[in-house]
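Please put together the full structure from these sequences, using the hints given.
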Amino acid sequence: MDSIIKIKNLHAELSDGTKILNGVNLEVKPGEIHAIMGPNGSGKSTLASVLAGREDYIVTEGEVEYNGMDLLDLSPEDRAREGVFLAFQYPVEIPGVSNINFLKTSINEIRAYKGEGPISAKEFLGMVSEKSKLVELDNKLKNRSVNEGFSGGEKKRNEIFQMAMLEPKLAILDETDSGLDIDALRIVAHGVNTLKSSENASIVITHYQRLLDYIVPDIVHVLWNGRIIKSGPKELALELEDKGYDWLKKEVITE
Amino acid sequence: MEAAVSEKNSVSVFLENLDVSENTSNNSYVSEVISEAKDRLLNSKLPNKKQESWKYSKIAPWLKKKYCCSRSNEDFDISAYASTSVNANTLVFVNGYYRDDLSILRDSQNGVIIQNMTEAVDLFKDDIDKYYNKAKDASFFADLNTVYHTNGVFIKVDENVIAETTVHLLHIQTGTGTIAQSRNLVILEKNSKLDILESQLELNASDSISNHLSEFFVNENALLNYTLIQKGGDNAAIHSNYFIQEDFSKLNSNVFSLQKKFIRNNHSVRTVGTDTETRLNGSFMPGANEQFDNRTLLDHRNVRGYSEEVYKGILFEKSNAVFYGRIFVDQKAQQTNAYLNNSNILMDDSARMHSKPELEIYADDVKCSHGSATGDFDTEAQFYLQARGISLDSARKMLIHAFMNEVSGKIENIEIRDVVNSYMNERMMKLDQ
Ligand SMILES: Nc1ncnc2c1ncn2[C@@H]1O[C@H](COP(=O)(O)OP(=O)(O)O)[C@@H](O)[C@H]1O
Ligand SMILES: [Mg+2]
Numbered sequence: 001m002d003s004i005i006k007i008k009n010l011h012a013e014l015s016d017g018t019k020i021l022n023g024v025n026l027e028v029k030p031g032e033i034h035a036i037m038g039p040n041g042s043g044k045s046t047l048a049s050v051l052a053g054r055e056d057y058i059v060t061e062g063e064v065e066y067n068g069m070d071l072l073d074l075s076p077e078d079r080a081r082e083g084v085f086l087a088f089q090y091p092v093e094i095p096g097v098s099n100i101n102f103l104k105t106s107i108n109e110i111r112a113y114k115g116e117g118p119i120s121a122k123e124f125l126g127m128v129s130e131k132s133k134l135v136e137l138d139n140k141l142k143n144r145s146v147n148e149g150f151s152g153g154e155k156k157r158n159e160i161f162q163m164a165m166l167e168p169k170l171a172i173l174d175e176t177d178s179g180l181d182i183d184a185l186r187i188v189a190h191g192v193n194t195l196k197s198s199e200n201a202s203i204v205i206t207h208y209q210r211l212l213d214y215i216v217p218d219i220v221h222v223l224w225n226g227r228i229i230k231s232g233p234k235e236l237a238l239e240l241e242d243k244g245y246d247w248l249k250k251e252v253i254t255e
Numbered sequence: 256m257e258a259a260v261s262e263k264n265s266v267s268v269f270l271e272n273l274d275v276s277e278n279t280s281n282n283s284y285v286s287e288v289i290s291e292a293k294d295r296l297l298n299s300k301l302p303n304k305k306q307e308s309w310k311y312s313k314i315a316p317w318l319k320k321k322y323c324c325s326r327s328n329e330d331f332d333i334s335a336y337a338s339t340s341v342n343a344n345t346l347v348f349v350n351g352y353y354r355d356d357l358s359i360l361r362d363s364q365n366g367v368i369i370q371n372m373t374e375a376v377d378l379f380k381d382d383i384d385k386y387y388n389k390a391k392d393a394s395f396f397a398d399l400n401t402v403y404h405t406n407g408v409f410i411k412v413d414e415n416v417i418a419e420t421t422v423h424l425l426h427i428q429t430g431t432g433t434i435a436q437s438r439n440l441v442i443l444e445k446n447s448k449l450d451i452l453e454s455q456l457e458l459n460a461s462d463s464i465s466n467h468l469s470e471f472f473v474n475e476n477a478l479l480n481y482t483l484i485q486k487g488g489d490n491a492a493i494h495s496n497y498f499i500q501e502d503f504s505k506l507n508s509n510v511f512s513l514q515k516k517f518i519r520n521n522h523s524v525r526t527v528g529t530d531t532e533t534r535l536n537g538s539f540m541p542g543a544n545e546q547f548d549n550r551t552l553l554d555h556r557n558v559r560g561y562s563e564e565v566y567k568g569i570l571f572e573k574s575n576a577v578f579y580g581r582i583f584v585d586q587k588a589q590q591t592n593a594y595l596n597n598s599n600i601l602m603d604d605s606a607r608m609h610s611k612p613e614l615e616i617y618a619d620d621v622k623c624s625h626g627s628a629t630g631d632f633d634t635e636a637q638f639y640l641q642a643r644g645i646s647l648d649s650a651r652k653m654l655i656h657a658f659m660n661e662v663s664g665k666i667e668n669i670e671i672r673d674v675v676n677s678y679m680n681e682r683m684m685k686l687d688q
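Residue numbers (the working numbering), protein chains in the order written: chain Y, 1 to 255; chain H, 256 to 688.
None of these hints come from the bench; they were simulated from the model.
Careful: at least some of the hints might be erroneous.
[Claimed, not checked] 27 Å max Cα-Cα, derived BS3-like pairs, lysine-lysine:
1) Y/K169 with Y/K230
2) Y/K19 with Y/K104
3) Y/K19 with Y/K8
4) Y/K169 with Y/K122
5) Y/K104 with H/K665
6) Y/K104 with H/K685
7) Y/K234 with Y/K8
8) Y/K169 with Y/K29
9) Y/K249 with Y/K19
10) H/K652 with Y/K114
11) Y/K196 with Y/K8
12) Y/K230 with Y/K243
13) H/K652 with Y/K142
14) H/K445 with H/K505
15) Y/K122 with Y/K142
16) Y/K142 with H/K665
17) Y/K19 with Y/K230
18) H/K652 with Y/K104
19) H/K622 with H/K611
20) H/K310 with H/K320
21) Y/K140 with H/K652
22) H/K313 with H/K611
23) H/K321 with H/K304
24) Y/K140 with H/K665
[What the hints assert, rightly or not] Beyond 12 Å from chain H on every Cβ pair, some chain Y residues (computed):
25) S3
26) N9
27) L14
28) G17
29) E27
30) E123
31) V128
32) N139
33) I182
34) I187
35) T194
36) Q209
37) S231
C-beta: ideal position from N, C-alpha, C; glycine also.
Written out as structure tokens, the structure reads:
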């Protein structure tokens, strides 16, 4: 089966030369959920950002094949239009831009890219009400400025709401679980599970095992020092919960 | 001593190069005002960067040019100017001259007097004697306007009258090396209300300057909504507004400086009455090699005044802007509530912003705050929008709009707000090319 994304030996650094990703390899196939775990500072968000096209990072080596395309060759907006979705670890507040106008612009630009006309008001509103129910997003948040004054949990739900609206092919969730209470966690997981299909795939970045009780991954990877140092079945997450990361780091160093 | 002589000469040189006739008046008060202003002018210095008030704005090159006051009889299609889409009584001034033939007086209303200033001096002698020149200060450009203005408009809304139609002052400047100076007087009597739109636009003018001046008297419990749009080509605009507010009066002033080579706005409000409400807002968007300078003064003279001032700037590549906002609270002005904020976004490293909010408070029971922030464009927000499939170009526009809408959103009149937004869009489109 063809993969959705195939990351080969990906190296990335900051403009000052600080190396953050040191040869990441990862292949995700349709229908799969991959979890990426790893201690703080190991490069998880950087990996997500590089895939989404953030310009702060320079790719110095390696390649990323997405749906048969060279992903790194696409602008951030074209990646999104091709179905890549990043749920931000820290969603940005945008005063003065209403959540709903933002989403409408987003959907229409994606449609225009595919050669489709703008969405009708009726269809759009129907989608909004359906998808916001899915993540139990408070009605009044939809008309507020994007993420402005939202609580941490509301911001994360808003990310999943956007994901539900855009129906991506590849969703990358960057610590969508952190800062969530158990109810919110369930809601977010429900959103992700409902959207799962045999056509799309997700990469779930987390450093707690508990999210993986709700979103069951096919494979768990451990990222450390900008490299995937171990991959295994979902039980690996439990092992990490028990033993921490140090035993793995030692394994790598002694290698 | 010698330096003083040469500075003084520079004023005479400027005036010699000014091909405009001095004003005279058969009203003895006005005539005295003119001769006092003339004396002051001759004894003053040309504005220069050694003066605190002209430190950051390079006015000097504009004062070295020759200007003439050219009356034009050209026929324009004024509907080509978007601001005329607002339902209004539109008074058109071309190079500072009132053009009866171009003006559109849609609705006349009892108690709303709109009169050519030249005629008003005779017809409304009592008002002229009471109000004329009573609000303005004695700065160089104000005096220059007093001595050399062409004409302007006299507007008076009688007691208890709500003016139903917006009054639109449309200034058009044409020609090379022209100077346009209108002089306006606006009086809102007790319990009256008026909306004014002033738009300063251009038609093929170059190397030209304008120096419009208006005085506004907002009497007891009256409400004045004022909007200014400044947009044009390679020319300079000095624009002065002086507002006086009486008891329980309200003033909303919204100023949009969108395009011109050089803009200097001197806008000041003196609240002589109690319980006044004042909102002064502004947006400025200078582009390459443009310099916009907004200078405001909120002079609280009486008790329980409330004022709110928000000026926002977006500075594009190689642009320059100045914001100087001063709040003065007299010792008599107890329980004043004054808030001032200036925030700016620099779109490029080559843009320069000088921001100086200033509080001067002599009363002890007041609530005042002021703030100023200048930062780079929010590329985090830009990336967030891009990551949702929105193009770089639309993302930037959305964010600039969002920032600027805070000010245009304060305009109550929807037609005027729409016109302002469309001028802002047009401005952005040009800048983004
Ligand atoms: N834009 C950046 N500027 C400076 N340092 C960065 C930047 N992005 C990432 N880093 C550094 O790179 C390392 C990895 O960061 P990150 O990818 O956020 O880790 P994780 O998400 O796994 O916690 C950290 O040491 C972090 O400080
Ligand atoms: Mg992270």
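Taking the hints in turn, this is what the structure says about them:
The suggested pairing of Y/K169 with Y/K230 holds, with an alpha-carbon distance near 25 Å, which does not exceed 27 Å. For the given pair, Y/K19 sits about 38 Å from Y/K104 by alpha-carbon distance, which is inconsistent with the 27 Å threshold. Between Y/K19 and Y/K8 the CA atoms are separated by roughly 17 Å; this keeps the pair inside 27 Å, and the hint holds. For the hint pairing Y/K169 with Y/K122, the CA-to-CA distance comes to about 25 Å; that is within 27 Å, so the pair holds.
Between Y/K104 and H/K665, the direct Cα distance comes to roughly 25 Å. Compliance with the 27 Å bound is thereby established for this hinted pair. Note on Y/K104 and H/K685: the hinted pairing holds, with a Cα-Cα distance of about 25 Å set against a maximum of 27 Å. Distance check on the hinted pair: Y/K234 and Y/K8 sit about 23 Å apart at the alpha-carbon level, within 27 Å; holds. Between Y/K169 and Y/K29, the direct Cα distance comes to roughly 11 Å. Compliance with the 27 Å bound is thereby established for this hinted pair.
Between Y/K249 and Y/K19 the CA atoms are separated by roughly 18 Å; this keeps the pair inside 27 Å, and the hint holds. For a cut-off of 27 Å, the pair hint linking H/K652 to Y/K114 stands: about 22 Å separates their Cα positions. Distance check on the hinted pair: Y/K196 and Y/K8 sit about 25 Å apart at the alpha-carbon level, within 27 Å; holds. A distance of roughly 14 Å separates the Cα atoms of Y/K230 and Y/K243; the hinted pair therefore holds under the 27 Å criterion.
Proximity of H/K652 to Y/K142 is assessed by CA-CA distance (about 21 Å); at most 27 Å being required, the pair is judged to hold. Simply put, H/K445 and H/K505 have alpha-carbon atoms about 11 Å apart, close enough for the 27 Å limit, and the pair holds. With a CA separation close to 16 Å, the supplied pair Y/K122 and Y/K142 stays within the 27 Å bound. Simply put, Y/K142 and H/K665 have alpha-carbon atoms about 22 Å apart, close enough for the 27 Å limit, and the pair holds.
For a cut-off of 27 Å, the pair hint linking Y/K19 to Y/K230 stands: about 20 Å separates their Cα positions. Restraint check for H/K652 and Y/K104: the C-alpha separation of about 15 Å stays at or below 27 Å, so the hint holds. The suggested pairing of H/K622 with H/K611 holds, with an alpha-carbon distance near 19 Å, which does not exceed 27 Å. With a C-alpha separation of about 20 Å, the suggested pair H/K310 and H/K320 falls inside the 27 Å cut-off, and the hint holds.
Only pairs whose Cα atoms come within 27 Å are accepted, and Y/K140 paired with H/K652 is accepted, the gap being roughly 25 Å. Between the alpha carbons of H/K313 and H/K611 the distance comes to roughly 17 Å, so the proposed pair stays at or under 27 Å and holds. Proximity of H/K321 to H/K304 is assessed by CA-CA distance (about 20 Å); at most 27 Å being required, the pair is judged to hold. With a C-alpha separation of about 22 Å, the suggested pair Y/K140 and H/K665 falls inside the 27 Å cut-off, and the hint holds.
Taking the minimum C-beta to C-beta distance to chain H, about 22 Å, the non-interface status of Y/S3 holds against the 12 Å cut. For Y/N9, the requirement that its beta carbon stay farther than 12 Å from each beta carbon of chain H is met, with the minimum near 24 Å. Chain H leaves Y/L14 outside its interface by the beta-carbon criterion, the shortest separation being 15 Å against a cut-off of 12 Å. With a least beta-carbon separation of about 21 Å from chain H, Y/G17 lies farther than 12 Å from that chain, consistent with its non-interface assignment.
Residue-level check passed: Y/E27 sits 23 Å from the nearest beta carbon of chain H, beyond 12 Å. Once the 12 Å rule is applied to beta carbons, Y/E123 is consistent with being away from chain H; the minimum gap is 17 Å. The claim that Y/V128 is not at the interface with chain H holds, since no C-beta of that chain comes within 12 Å of its own (minimum 15 Å). Every Cβ of chain H is farther than 12 Å from the Cβ of Y/N139; the closest lies at roughly 21 Å, confirming the non-interface assignment.
Residue placement check: Y/I182 keeps its beta carbon more than 12 Å from all beta carbons of chain H (closest about 28 Å). For Y/I187, the non-interface assignment is confirmed: its Cβ lies about 21 Å from the closest Cβ of chain H, beyond the 12 Å cut-off. A cut-off of 12 Å between C-beta atoms confirms that Y/T194 is not in contact with chain H; the least separation is 20 Å. Annotated as non-interface, Y/Q209 keeps its C-beta farther than 12 Å from every C-beta of chain H; the closest such distance is 28 Å.
Distance to chain H confirms Y/S231 as a non-interface residue, since its nearest Cβ pair spans about 27 Å, more than 12 Å.
In the structure shown, a violation is registered for the earlier hint numbered 2 alone.
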